[in-house]
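Taken in sequence, the protein lines are chains A and B.
Per the working numbering, the first sequence runs over residues 18 to 199.
Per the working numbering, the second sequence runs over residues 8 to 138.
For the record, the hints were derived by calculation from the structure and aren't laboratory data.
Treat the hints with care, since some could be wrong.
[Said to hold, decoys possible] Simulated crosslink set (DSSO-like; lysine-lysine; CA at most 30 Å straight-line):
hint, chain 1, residue 1, chain 2, residue 2
1, B, 108, A, 199
2, A, 19, A, 47
3, B, 121, A, 34
4, A, 199, A, 19
5, A, 47, A, 199
6, B, 121, B, 110
7, B, 121, A, 199
8, A, 47, B, 110
9, A, 84, A, 47
10, B, 10, A, 34
11, B, 98, B, 110
12, B, 108, A, 19
13, B, 108, B, 121
14, A, 199, B, 98
15, A, 196, B, 19
16, A, 199, A, 34
17, A, 84, A, 19
18, A, 47, A, 196
19, B, 121, A, 19
20, A, 19, A, 196
21, B, 121, B, 98
22, A, 84, B, 110
23, A, 196, B, 98
24, A, 19, A, 34
25, B, 19, A, 34
26, A, 199, B, 18
27, A, 196, B, 110
28, B, 108, B, 98
29, B, 10, A, 84
Given next are the chains, with one letter for each unit.
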Amino acid sequence: MKTISDHILDIVQNSVKAGATLIEIIVREKWNDDLYTLEIRDDGCGMDSETAARALEPFFTSRTTRKVGLGLPLLRQNAMQTGGSVAIDSEPGRGTAVTARFGYSHIDRPAMGDIAGVFLLTIIGHPQCSFAYLHVTPEGEFSITSQDLRETLGEVPLTDPGIMQAIRELFGNNLEMIKASK
Amino acid sequence: MNKITSLADLKKMKDQVQNRLKMRENSDAVETLVQIKVGMATCGIASGAKDTMNFFVEETSHQAIDAVVTQTGCMGFCYAEPTVEVTLPGKEPVVFGHVDKAKAREIIDRYIIKGELVDGMIPMNFKTIHD
């Protein structure tokens, strides 16, 4: 995965598979602590502690179509390369939170990439789920939810090219205002 | 045009779009829609499925094709990612492999619009993707 937003696109699939109805994506930049964290929380089926511990192994997966599961291991690899880590907090029936910590100024920390596009495709691709995005930096915060977007747009589809472009601008301008890392 | 920085700005934009959009009176009944499922597991994303899905969303919207584009998990054809399952109304699902933008355009222009068969189908013996 080349960017943080690629990881988001990927890890969110786990939450969807877990039957989540609300998925929160939270990015925090703590410049003074040299920390960049990505947290994905869901209210899906959760995992017991044994499964959660194995979820970071590349040769563990709950699916049957293939024998490997690389989403979380690749996230962990990228986090560890910057002196960070990945933690999974999960409880059966309650949901799961995956938190990846990256070194903010580390040269190997992936760029954020096309977060607006990822958020859009995620919403479009999973109409049955609600998504929330929160980005916090010392300069401020930006938050948006799939419900905000759907309520604002009403009958007009998210897939309209003009609307997609407008949402990209909405993300870009707001993230720029809080000096979010690109 | 003013910068879009808030939902209020987005709403203005939406009103503009709504005016020029001829409201299609399509029922959202799944039977009448073209269903496009893009494989978006780790293998798909690493192979560029995001660009593929983006292209399908923009192009079907642009050409006013009544389609619903969604994401799905790994179909087990990691070697052929990005993979896309297309279900035309009343037809069996068909899975295509190695779908980059050029292939996606061919699938839209030839398979979805004209109903012609195109290269790159993955022979399947299942009905649809269940996981």
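Going back to the hint list, which numbers does this structure go against? 3, 7, 8, 9, 10, 14, 19, 23, 25, 27 and 29
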